[in-house]
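Novice: Sequence:
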Amino acid sequence: MSLLFNLGLLAFFKYFNFFIDSAAEFITLLGFQAHPSTLNLILPVGISFYTFQTMSYTIDVYRGKLEPTKDPIAFFTYVAFFPQLVAGPIERASNLLPQFFKKREFQYQQGSDGMKLILWGLFKKMVIADNCALVVNPIFDNYQSASGLELIMGAILFAFQIYGDFSGYSDIAIGTAKLFGFELMTNFRTPYFSRDIAEFWRRWHISLSTWFRDYVYIPLGGSRVSTAKAIRNIFIVFLVSGFWHGANWTFIAWGGIHAALFIPVFLVGKNRAYLDEGDHLIPSFREVLQMALTFSLVTIAWVFFRAESITVAVGYLSGILTNPWSDGFRLSLFYLPIGAVGMLLGIEWIFKGKQILSFQFPAVRYAGYAGVAFTILFFGAFFNPQDFIYFQF
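Letter 217 of the sequence shown, counting from 1, is numbered 216 in numbering that gives the first Met the number 0, and no numbers are missing.
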């Protein structure tokens, strides 16, 4: 009953109009006239996140993996925990619920770690994501007249816009929780250093990918079934994951693309160790090629995620090949976002496998804090802030 209630609310608010419109389009294709009536619904902020969080609690209790809480205040606080309410991470009750019953005292190290995460999250949001958005939005809005080179740059910078936007929020949420003495799960682990799609999904939106693994993929049989059924399970998980993001065929296509990219890696049976488990500062040439290829494939999929329709996404990608290559291209427009992205990648590579901004020497540490804070204030003062992308989900 609890699952039906949660899924029913999600389906009504998020997918009702999508199903009505899709049915009308199908009827029209059959040669009949359709006059669908849709509802002017206001989507509750963060409904996809706290719905899944509530469902995980229900399923874990049903499976006997979790004792049901007898404290309604603790339960509703778990569901509506303010740092991660609107855009995750999608926390498990087994991790978060017990923390509400612990006596907490302020811990300097935990508070310091929280402030560093908040600072780094603001950097990724205001310096990376918002900066990239200033270039990305006009390119996607005018893709038909943009040059091929501009379309490539727009797609690449959107990949960093959504990463800076979403992982920045996650860092702020996790850091804020630390200030109150709570520990939330890590949601991102430098995903653009991945060397294949499987590794990417172990690094990107970890709370969602593990949710689908535990509550959809494994119950379907996971990989402990025939190869054909395992491939079916992979497609189901990625298509549902895409649909979770939004009521649009573009998100379903995005999920389908990732499924198609994931399956060859699954068939080969490789499960790479993280690059940050090593101590080498300079990657090998092979690793660079693998990361570049993976990032390119992920970026192509991001075009469908960003586009308003499948037609727009296909037109955008085809425009890279058919539009004039460099007519009207102005490199000066890309100086700031390219510089910001370069700074992000450099810092994340240096601190891979470690806590961001964890400098050993105090003088260097505080200089780093000051530099990041100044950069945030500079971009915050001179550039218009953008809404968090994942607030719409």
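Treat the hints loosely; a few may be bogus.
As the list claims (entries may be wrong) - Computed Cβ-Cβ distance ranges for the label pairs, DEER-style:
1) TYR365 to GLY180: 41 to 49 Å
2) GLN108 to SER317: 46 to 54 Å
3) ASP70 to VAL287: 49 to 57 Å
4) GLU66 to GLY180: 47 to 55 Å
Worth flagging that the hints you see were computed from the coordinates, not collected in a lab. The structure displayed is predicted, hence computed values, not measured ones. Glycine included, C-beta positions come from ideal geometry on N, C-alpha and C.
Novice: Falls inside 47 to 55 Å, the C-beta gap from GLU66 to GLY180?
Specialist: violated (22 Å)
Novice: Are GLN108 and SER317 spaced within 46 to 54 Å by their CB atoms?
Specialist: Given range 46 to 54 Å: holds, Cβ gap about 53 Å.
Novice: Does the Cβ distance between ASP70 and VAL287 fall inside 49 to 57 Å?
Specialist: Hint holds: Cβ distance 52 Å, inside 49 to 57 Å.
Novice: For TYR365 and GLY180, compare the CB-CB distance with the range 41 to 49 Å and indicate the outcome.
Specialist: Between TYR365 and GLY180, where Cβ atoms are some 25 Å apart, the hint is violated.
In this structure, the hints that do not hold are numbers 1, 4, in rising order.
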